[in-house]
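S.K.: Top to bottom, those sequences are chains A and B.
So the first sequence is numbered by this note's numbering: it starts at 54 and just counts up by one.
So the second sequence is numbered by this note's numbering: it starts at 54 and just counts up by one.
Since no wrong hints were added, every one of them can be taken at face value.
A pair holds if it fits inside one copy or across any two, identical chains being indistinguishable in the list.
Straight-line distance between alpha carbons at most 20 Å, and here's what the computed SDA-like set of lysine to any residue pairs gives:
1) K245 to R195
2) K165 to N365
3) K316 to S288
4) K65 to K349
5) K295 to K317
Please keep in mind that the hints were generated in silico from the structure rather than gathered at the bench.
2 protein chains.
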Amino acid sequence: MGGDYAPEEPVKGAIDAVLDNPKVKVFLVGIREQIERELKKYQYPKEQIEVIPATEVIATAEPPVEAIRTKKDSSIVLGLTLVKEKKADAFVSAGNSGAVLAGGTMIVRRLKGIHRAPFAPLIPTAKGPAILLDSGANVDARSAHLVQFAHLGSIYMESVLGRKNPTVGLVNIGAEDEKGNALTKETFPLLKKTKGINFIGNLEAREIPKGGAEVIVAEAFVGNVILKMYEGVGSVMLQTIKSGLMSSFKSKIGALLSKSALKKSLKQFDVTEYGGAPLLGLRGLVVKAHGSAKAKEFRNTILQCITFKEQNINGKIQKYLEAEKAVEKEAREAGQIDHK
Amino acid sequence: MGGDYAPEEPVKGAIDAVLDNPKVKVFLVGIREQIERELKKYQYPKEQIEVIPATEVIATAEPPVEAIRTKKDSSIVLGLTLVKEKKADAFVSAGNSGAVLAGGTMIVRRLKGIHRAPFAPLIPTAKGPAILLDSGANVDARSAHLVQFAHLGSIYMESVLGRKNPTVGLVNIGAEDEKGNALTKETFPLLKKTKGINFIGNLEAREIPKGGAEVIVAEAFVGNVILKMYEGVGSVMLQTIKSGLMSSFKSKIGALLSKSALKKSLKQFDVTEYGGAPLLGLRGLVVKAHGSAKAKEFRNTILQCITFKEQNINGKIQKYLEAEKAVEKEAREAGQIDHK
Numbered sequence: 054m055g056g057d058y059a060p061e062e063p064v065k066g067a068i069d070a071v072l073d074n075p076k077v078k079v080f081l082v083g084i085r086e087q088i089e090r091e092l093k094k095y096q097y098p099k100e101q102i103e104v105i106p107a108t109e110v111i112a113t114a115e116p117p118v119e120a121i122r123t124k125k126d127s128s129i130v131l132g133l134t135l136v137k138e139k140k141a142d143a144f145v146s147a148g149n150s151g152a153v154l155a156g157g158t159m160i161v162r163r164l165k166g167i168h169r170a171p172f173a174p175l176i177p178t179a180k181g182p183a184i185l186l187d188s189g190a191n192v193d194a195r196s197a198h199l200v201q202f203a204h205l206g207s208i209y210m211e212s213v214l215g216r217k218n219p220t221v222g223l224v225n226i227g228a229e230d231e232k233g234n235a236l237t238k239e240t241f242p243l244l245k246k247t248k249g250i251n252f253i254g255n256l257e258a259r260e261i262p263k264g265g266a267e268v269i270v271a272e273a274f275v276g277n278v279i280l281k282m283y284e285g286v287g288s289v290m291l292q293t294i295k296s297g298l299m300s301s302f303k304s305k306i307g308a309l310l311s312k313s314a315l316k317k318s319l320k321q322f323d324v325t326e327y328g329g330a331p332l333l334g335l336r337g338l339v340v341k342a343h344g345s346a347k348a349k350e351f352r353n354t355i356l357q358c359i360t361f362k363e364q365n366i367n368g369k370i371q372k373y374l375e376a377e378k379a380v381e382k383e384a385r386e387a388g389q390i391d392h393k
Numbered sequence: 054m055g056g057d058y059a060p061e062e063p064v065k066g067a068i069d070a071v072l073d074n075p076k077v078k079v080f081l082v083g084i085r086e087q088i089e090r091e092l093k094k095y096q097y098p099k100e101q102i103e104v105i106p107a108t109e110v111i112a113t114a115e116p117p118v119e120a121i122r123t124k125k126d127s128s129i130v131l132g133l134t135l136v137k138e139k140k141a142d143a144f145v146s147a148g149n150s151g152a153v154l155a156g157g158t159m160i161v162r163r164l165k166g167i168h169r170a171p172f173a174p175l176i177p178t179a180k181g182p183a184i185l186l187d188s189g190a191n192v193d194a195r196s197a198h199l200v201q202f203a204h205l206g207s208i209y210m211e212s213v214l215g216r217k218n219p220t221v222g223l224v225n226i227g228a229e230d231e232k233g234n235a236l237t238k239e240t241f242p243l244l245k246k247t248k249g250i251n252f253i254g255n256l257e258a259r260e261i262p263k264g265g266a267e268v269i270v271a272e273a274f275v276g277n278v279i280l281k282m283y284e285g286v287g288s289v290m291l292q293t294i295k296s297g298l299m300s301s302f303k304s305k306i307g308a309l310l311s312k313s314a315l316k317k318s319l320k321q322f323d324v325t326e327y328g329g330a331p332l333l334g335l336r337g338l339v340v341k342a343h344g345s346a347k348a349k350e351f352r353n354t355i356l357q358c359i360t361f362k363e364q365n366i367n368g369k370i371q372k373y374l375e376a377e378k379a380v381e382k383e384a385r386e387a388g389q390i391d392h393k
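Make the full structure from the sequences, and use the hints.
M.R.: Next up, the structure:
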């Protein structure tokens, strides 16, 4: 029931996903009559879609924690509970981000050893998609959290996108090692010495769209600004180009001739191609789709969940957490660190 | 001597500025022979340009504070000293940003009452230029600093760009009043109650390119990311569009026909049109041009300095500081606050 185009677009996206993949089963959680009215428009294998009725709706501006606590019969709470109870592998929502985040942590819960669960969307770059984490879940995070984000992102890029030993960059205001604010100055040496990731150093924001790193690590406030600047600059530039092309007769003819080539080359900057933003490090998969998501994004997000499961991402995350724990134990025994 | 194209481009920019405005006098500070070799290429009124010889150069990656302390005969130290001694009204450099910042604070010094001097460049938006401060001078700033930035930016936009009662937005991860990290949550109510600015609330980064506010207030790390995302997304999209247009014979013809219209409409996103980033709140004007600045940007930056002087920006800033002091004094006397 979440997002700007519910229930039409989520339902259509679910239909597209089950038609695309016979192995997937989608539970559509929400107001039964509204969902069933939409479902009637399509032909699809009935056993692949099931409606789970919910009587409450969490609105966009509602205070998240309060909403999760009180609206027990909302689509977000019921959907997350399906994941908690292992009846579903993943939960997808385009609704209230704060509620998805709070509910994910409160209901599905973090894996043991995970400090914070970051939102980790794929973002377009000139060299293909990169993962950005944290894009907004945990503001004012600490350096140890950022180090975990680097590991989570590396596991995701390696398993879901097949990037071997993906490059990890720390977003900073300069490329030199000693640059930054208190947080990045503290995080840099930790990333440098942590094993199992391919840390390439500080990354200035201008290098992100150019493909400067495959795993982009940032504090959530900064990550959120990166994501939204992408959207903002992209849409304003496209608007400017469009009105430029429509400004004279000559340029209109030009636009007509170059349209299909332009469309094709700009497609790589279409965020909806990449699906939603997973909340990594929970005991099940929770994915936040854009509020403005349409059927294509819902379909891609559902298919992304299948890869997540098939690649056993959470198994790999748990393996990393065990290794981390072993390293910490060893260090504690050697009296080297007094952790946290 | 600073920037990627010194001394050719700064000299050419100075020539263009004096030819454009008979009232301006430019001191070119640097290696005498190199500057004079460039000057010989041009015809210009000799009394409007004077060479100040400097024997040392501060390199891009040098530690700033150390460089300012030890290289007393560098162009940055000598140029800033001209401003300190009131022999010049403004200093313009495309050199080491950290050195310009450290030198500005150490040599020219802050106005009494200014907590921090922010870099404050104009950035392009769909509704014309906006001012972004702080774009990188003072990381880990406090809420009281951000409130001053709002005032400094408002004075600049009103005086230099003629925007009456310019709108002020606080960069945040959500538009609702209570959103944010510790810093923005503390800053929001202060901005709301401060007099003399037109605070319109939180501003999501995606609204910046759309022209969501005329004065954009952000902590320096965030401001720097905004500025660099602008550059990065802009250049990658233009590159993508260009290669898209060159991908087929048909699209090449289309590109030829639409080129001039496109160029014109994209000009508003050309950062060099707006000159450099002033460091506001010092006892004289210090402006940092882009490292990649060419003659046009140097010329525009010099002309921007004239407006700064003619509009008596520093007089207006001082008036605001006096008003702020009076408010604080009143509050202290009333026992309401224990300042800082």
